[in-house]
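Asks: Build the full structure now, drawing on both the sequences and the hints.
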Amino acid sequence: MKLSNKFALIISLVSIATGTPLMLSCVRWIISLGDYTKMLTSLAVLSLILTGFLYFYQETRLRKAISGERKDIVYDIPLVSGLHAAINFSVFILLFSLIINPLFEITSIKNIFKIGVCLIPIGLIQLSLIYHLGFTLLSPYYRTLEDTQFTGLNITQKVLLLGIPALIFSVFTGYISTKSWLGLFYLVFPSLIILILIKTIKEPIDAIQERIQKILNDPFSSLKKTIIVSGDEIALINDLISIFLGKTISIISEIKETADKVRTQGEAILSGIRRLSSSSKQINNSVQEILENKAESDSMVNSVQKNDEELSSLSSEIESQIKTLVATSKKSIELANSGEEKSEEGVNKINTFVQKIEEGSKSLEELSSAFEEIKEFNSLMEQISDDTNLLALNASIEATRKEGEESKGFSVIADEIRKLSNDSASYLEKTKDNIKRMSEAVKSIVESTEKSISIFEDSKSIIQKTAEELKEISESIGLSTSMADQISGILKEGFDSISEIKKAAKKLSSLNEQQVEAALALSKETEAQVASMEDTEIRAQTLISIIDKIKENTNIHIE
Amino acid sequence: MNKILVFCLDKIFFGININQVKSLSRLGKTKKIPESPAWIGGLAKYRDNSFPLIKLWELLNLEAPKKKVLLLPTDFDYCAFLISGVKGIYEFDTDKESSKIYRLPYLSGLGTLQNKTVLQIELNKLLTEKQKRILKKLTGKNEKK
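For the protein sequence lines, the chains are H and F, in the order given.
Per our numbering, the first sequence starts with residue 12, numbered consecutively.
Per our numbering, the second sequence starts with residue 80, numbered consecutively.
This list has only true hints and no planted wrong ones.
Below are the PhoX-like pairs computed for lysine-lysine, each with C-alpha atoms no more than 20 Å apart in a straight line:
| # | chain 1 | residue 1 | chain 2 | residue 2 |
| --- | --- | --- | --- | --- |
| 1 | H | Lys513 | H | Lys305 |
| 2 | H | Lys413 | F | Lys101 |
| 3 | H | Lys503 | H | Lys514 |
| 4 | H | Lys305 | H | Lys517 |
| 5 | H | Lys513 | H | Lys503 |
| 6 | F | Lys195 | F | Lys175 |
| 7 | H | Lys419 | F | Lys82 |
| 8 | F | Lys82 | H | Lys413 |
| 9 | H | Lys476 | H | Lys360 |
| 10 | F | Lys101 | H | Lys419 |
| 11 | F | Lys209 | F | Lys134 |
| 12 | H | Lys386 | F | Lys145 |
| 13 | H | Lys334 | H | Lys503 |
| 14 | H | Lys443 | F | Lys146 |
| 15 | H | Lys360 | H | Lys471 |
| 16 | H | Lys430 | H | Lys441 |
| 17 | F | Lys145 | H | Lys443 |
| 18 | F | Lys124 | F | Lys146 |
| 19 | H | Lys353 | H | Lys482 |
| 20 | H | Lys482 | H | Lys341 |
| 21 | F | Lys195 | F | Lys166 |
| 22 | F | Lys166 | H | Lys430 |
| 23 | F | Lys124 | F | Lys101 |
| 24 | F | Lys215 | F | Lys124 |
| 25 | F | Lys147 | F | Lys110 |
| 26 | F | Lys108 | F | Lys134 |
| 27 | H | Lys386 | F | Lys146 |
Derived by calculation from the structure, the hints in this document are not laboratory data.
Replies: Written out as structure tokens, the structure reads:
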């Protein structure tokens, strides 16, 4: 049997079972019939119809709700079922009253009032019964649903829903049964007791509910003990909650201690992570350097390989050139030696020549001094000429002063003297010119001789230097020849070394590749490590912050 | 026609009538006269007589020559003149009137020799009275009259 069938059957049966006696007593009160057989028969038929109707209605609704076809009606089922039952019975009372009336006459206004009075309590009782029953039956099902929301009535509403119809019905049936208002006492009393009982149950439940609500809203503020005065299981539940809270406090303090430890550990991890992170960065840098070095060493290896080919071609050239150099050197040494000898000869010849020139120069100097003497003599002659001229002039002056034969004599003398003076002056001028020219010629000879001597001296020093340089060249050539031999030997050694370098370069290249592979792997691992460390760092920081929060909360509330 | 002794000072030809010239002589040794004016060239001896020497170029504001010749005047014996560049004795006429334009007391005429102008000067008018007094004080001699 399906859940929907079960639920529909239970509700139908319960409503019939509770509603029928109520309806029966009401109808009896309305129309005051004595024929029970007819009444029971018609009641049984109507009850079956009603049950069937209720059953199918509820079954359809429940099936749709459970299958998820109509989710909106899930929580309405108990209330709607109650209302349905209430409406059914209200309508049924009216129908039943008409059926059992033999004349099918319209009853009096008094009876219609009675029917109305019966309809309200019976409907309310049916509604509350079926609603409570439906909710109780469906609670296990509701708990299985996601996002469970109990949208039903609260406990006060439920009490009112049960109590008010019960009170009305008590008043009504008490009056009907006893036909006296005294009967009301026997009915109201139990109702009051029920209300008091409900209250004694409700208050502790409300207190617990309130406490739990507080715990839910702010778990740490409501850990203090709350005393509830109640002798039943509710007080026991409260005590159990207190024990649970005490245990929770001790667990929280343990958590706090552990949090402290975890925090210190977290900080240590964080610092470790930071150190590791910096180390990883250094590793990455080293890897980068290795990669850069690899490129450099690769280029070096390549250049070594290229140079090797060039060197091998050069080596043969160098060897042949060294041989040529040695031969040329020997020839050069011979030439240098002969040059040295010739230089010495040249120097000797220059020395003799210079000696002779110096002798000539001395003679010229003597000649020059003779010219100087002649110059002095000339000036003396010039003076004599001047004096002669003056004498002539004086004679002329004297001739003008004298008269007659004396004057003529003076003038003749004056003329002769003037002629003599003029001649001597002209001769003197010529002599002066000649001496001047000769003197200048001698001067230029002396100067050129001095220049020649200096040139010869320079030449001598140049030849001496050349001889020395030739000697040095000869020695250098000798040295370079031996050097060439040594270079030849060194070159051979060098080529052996180059072949070894080449081998080493190949090894280096292969080693570099291995190193690079290892470095790349290391780099990847380091990157992964850095990433995980960063993640761990974030987590550690989050952990520390969480721990700080926990500590903060526990510090505030645990005293 | 006058007989004129022609000499050259600073490229200017001067002439002196030979009647005013006693004799010409080579300049021998001279003695310096302390605190004497610039136009006096010291004391010179000539035939047992000593004469103060007048630098003619200084009197005429001309450049000093290299060779100097001693000229003894006929008219006075209290000094001798130093001249230079003696060209000789020439006979030529000089124009007195044209020389008056220059208004120089010692200039007595202008003549031409070998296309060059010769300035005829009077030796006794070369010196001013003050200069003469200075010379007379030095020698103690007076002008011949």
